[in-house]
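Colleague: As a plain string of letters, each chain reads:
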Amino acid sequence: MRIEISGQTFQSDFVKKVAEISGESVLSCNQCGKCSAGCPMAFAMDWLPNQIIRLVQLGIEEDIAKSKTPWICASCLTCSVRCPRGVDLGRLMEAVRLLTLRRNIDYVAAAKIPPDALGEMPQIALVGGFRKHTA
Amino acid sequence: MDLSYYPGCTLKTKAKGLEAPAVAAMAALGVNLVEISRWNCCGAVYSLADDDLAHHLAPVRNLIRVHEQGADKVSTLCSFCYNTLKRANQLVQRDEVKRRTLNDFMEEEKDYQGEVAVVHLLEVLRDDIGWDNISAKVKVPLQGLRVAPYYGCTLLRPQEIAIDRVERPAILHQLMEAIGAEVVDFPFSTECCGSFQIISNPDSVTQRAWDILSSALKRGAEALVLTCPLCYFNLGQRQAELKQKYIDFTGMPVFYFSQLLALALALDSRVCHLELNYADPLPLLEDKRLLV
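Chains as they are written, first to last, in this note's numbering: chain X, 1 to 135; chain G, 1001 to 1292.
Fair warning: there could be bad hints in the mix.
In the DSS-like style, the derived pairs of lysine-lysine whose C-alpha atoms are separated by at most 27 Å in a straight line are [said to hold, decoys possible]: (1) X:LYS112 - G:LYS1245; (2) G:LYS1243 - G:LYS1288; (3) X:LYS34 - X:LYS17; (4) G:LYS1139 - G:LYS1016; (5) G:LYS1243 - G:LYS1098; (6) X:LYS34 - X:LYS16; (7) X:LYS16 - X:LYS68; (8) X:LYS68 - X:LYS34; (9) G:LYS1245 - G:LYS1218; (10) G:LYS1137 - X:LYS16; (11) G:LYS1098 - G:LYS1137; (12) X:LYS112 - G:LYS1139; (13) X:LYS66 - X:LYS112; (14) G:LYS1288 - G:LYS1016; (15) X:LYS112 - G:LYS1014; (16) X:LYS16 - X:LYS66; (17) G:LYS1098 - X:LYS17; (18) G:LYS1288 - X:LYS68.
Anything over 12 Å on all C-beta distances counts as not near chain G; from chain X, calculated [to be verified]: (19) SER36; (20) CYS73; (21) ARG85.
For the record, the hints were derived by calculation from the structure and aren't laboratory data. No experiment lies behind these values; they were computed from the predicted model shown. All residues carry an ideal CB built from backbone N, CA and C; glycine is no exception.
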């Protein structure tokens, strides 16, 4: 797979916005992979958590936009408490999600969830899930 | 002793089995939980975006209610509520600029500076009542009940709000020991159950539930004990599907810590709402002669 990286992708608006919304220093990550090793949702992801940071560092927005990883992240913050470089990856994932949600694009449609399933779920699942996955 | 208490939405509807036995058990231990008036939803998940202050308003308003009702400490039972209230409180205490913006926005409220302390009920049991005092009040020790403590995420992460050590917490272990249960340690006790992904990616939660339950089973646990209504749902309700998928799996009761505490204190078991538990816990409790 050919990936084009340049000064432009490095300093793209996308990279700046992720840093701004998350408040995290993206370049602190040195790709040790501890986040991915301990991620309980990694089995369901396409890109691993550390790979998402790498894509953010390089400004490869298209691959991040296509990835389901930020949407599979459950914000459990296991990576955040273990990162030896002090990067809060949970906040980076939130920033990536918000860049989509703030364009009024939902990840999940409430209407498509069976009413029986919705009725049974605790309120914290509904409020939490819709906060994380809808605009 | 009166203690201010914030219940949150889930406890009044889906998680009666967490609240009712907790209120009764605390009363038996000499603590009167006083529900704050005019509370609102805490927002369930703490906003992780630096530029999003709007979502901190809901938890901060609850803390303002506590403060104006004359309390300097509020206890929570729901793990999600604990996390959002505690984190929002720390934000107000530590970030002067954001504190000012939040206070300016809520111009109808008195300025809030983070005066209230947010605690989880498990901390009250450990720090204010003490394991020895709890042990002394136990009438039905949960002898022979092999129970695996499961902590989930939001009581432990991030570090600055953790009610115990982040990687090897002991608070639930200690409570179970205090009420006479046999504690089973297992490697998934602090791993995420999949949380709100039950809305968008339920299959991934089923997988998480199996990882967690099967690990506890392998270590010889007969039941899981936890604090969070969402963990309770994900690890309980998914069992129907898991039983179909794994023929040898016959189900595993999942308890709230408050249910086991109330049983050990010999309170009327009806207060525990055991009928709401997903995997029927009655055969196990009857087998161990723990129902009075």
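Colleague: Take the hints in turn and mark each one as holding or not.
Modeller: We went through each hint and held it up to the structure:
Note on LYS112 of chain X and LYS1245 of chain G: the hinted pairing holds, with a Cα-Cα distance of about 25 Å set against a maximum of 27 Å. A distance of roughly 24 Å separates the Cα atoms of LYS1243 of chain G and LYS1288 of chain G; the hinted pair therefore holds under the 27 Å criterion. Restraint check for LYS34 of chain X and LYS17 of chain X: the C-alpha separation of about 25 Å stays at or below 27 Å, so the hint holds. At most 27 Å may separate the alpha-carbon atoms for a hinted pair to count; LYS1139 of chain G and LYS1016 of chain G meet this at roughly 23 Å.
Between LYS1243 of chain G and LYS1098 of chain G the alpha-carbon distance is near 49 Å, which puts this suggested pair outside the 27 Å criterion. Proposed proximity of LYS34 of chain X and LYS16 of chain X is supported: the alpha carbons are some 25 Å apart, at most 27 Å. Taking the CA atoms of LYS16 of chain X and LYS68 of chain X, the gap is near 21 Å; set against the 27 Å cutoff, the hint holds. Taken as a hint, the LYS68 of chain X and LYS34 of chain X pair is honoured in the structure, with Cα atoms around 20 Å apart against an allowance of 27 Å.
For the hint pairing LYS1245 of chain G with LYS1218 of chain G, the CA-to-CA distance comes to about 17 Å; that is within 27 Å, so the pair holds. For the hint pairing LYS1137 of chain G with LYS16 of chain X, the CA-to-CA distance comes to about 58 Å; that exceeds 27 Å, so the pair is violated. Restraint check: the Cα-Cα separation between LYS1098 of chain G and LYS1137 of chain G comes to about 45 Å, which exceeds 27 Å; the hinted pair is violated. Of the supplied pair hints, the one linking LYS112 of chain X and LYS1139 of chain G is violated, its CA atoms being roughly 49 Å apart against a limit of 27 Å.
A threshold of 27 Å between alpha carbons decides the hint, and for LYS66 of chain X with LYS112 of chain X the separation of about 21 Å falls inside it, so the pair holds. The straight-line distance between the Cα atoms of LYS1288 of chain G and LYS1016 of chain G is roughly 24 Å, inside the 27 Å bound, and the hint therefore holds. In summary, the hint linking LYS112 of chain X to LYS1014 of chain G is supported, as the alpha carbons are separated by about 22 Å, within the 27 Å threshold. With a C-alpha separation of about 19 Å, the suggested pairing of LYS16 of chain X with LYS66 of chain X holds against the 27 Å cut-off.
Between LYS1098 of chain G and LYS17 of chain X, the direct Cα distance comes to roughly 20 Å. Compliance with the 27 Å bound is thereby established for this hinted pair. The suggested pairing of LYS1288 of chain G with LYS68 of chain X is violated, with an alpha-carbon distance near 46 Å, which exceeds 27 Å. The beta carbon of SER36 of chain X is kept farther than 12 Å from every beta carbon of chain G, the shortest such distance being approximately 14 Å. The Cβ of CYS73 of chain X sits about 9 Å from the closest Cβ of chain G, inside the 12 Å cut-off, so the non-interface label is violated.
No Cβ of chain G approaches the Cβ of ARG85 of chain X within 12 Å, the least distance being about 15 Å, so the stated non-interface status holds.
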